[in-house]
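By my numbering, the letter at position 50 of the sequence shown is numbered 84, and the numbering carries on one by one without gaps.
It is worth saying that the hints were derived from the structure and are not from the lab.
Model, not experiment: these values are computed from the prediction.
Just so you know, even glycine gets a beta-carbon here, dropped at the ideal spot from N, CA and C.
Relax, there's no trap hidden among the hints.
Quick list of simulated restraints, FRET-style, between CB atoms:
#, residue 1, residue 2, range
1, E113, D79, 25 to 31 Å
2, P81, K110, 27 to 33 Å
3, S92, N112, 25 to 31 Å
4, K110, S80, 28 to 34 Å
5, S92, D70, 26 to 32 Å
6, N84, E113, 28 to 34 Å
7, L104, P81, 17 to 23 Å
8, N112, V91, 24 to 30 Å
9, L109, L82, 19 to 25 Å
10, L109, R73, 16 to 22 Å
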Amino acid sequence: MSKLAEKKPLVSLGKPKANVATLAAQNDGGKAPKQDQKRLNVNIDSPLHNRFKIAVVSQGKDMSKVVTELLEQWLKDNE
Numbered sequence: 035m036s037k038l039a040e041k042k043p044l045v046s047l048g049k050p051k052a053n054v055a056t057l058a059a060q061n062d063g064g065k066a067p068k069q070d071q072k073r074l075n076v077n078i079d080s081p082l083h084n085r086f087k088i089a090v091v092s093q094g095k096d097m098s099k100v101v102t103e104l105l106e107q108w109l110k111d112n113e
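Sequences are here, hints too, so could you generate the full structure?
If you want it as structure tokens, here you go:
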């Protein structure tokens with residue numbers, strides 16, 4: 035009997051946190067976050083989220099970039 039070749043995994047999991055961000059970015063069609071960036075999670079009403087997403091997508095923009103621009107403007111006005 036011949037010995038079956040040992041199967042190697044298709045994907046190496048490596049460091050879970052790094053892979054989660056990379057896989058999420060690939061799923062969204064975007065780029066993986068840079069090392070010097072931080073994630074900001076906020077809870078907003080579903081209708082507000084939907085309106086924001088529709089407006090951003092209709093202008094061909096990225097939600098993260100628009101939020102960053104809004105935060106920068108707010109800080110400019112309030113610091």
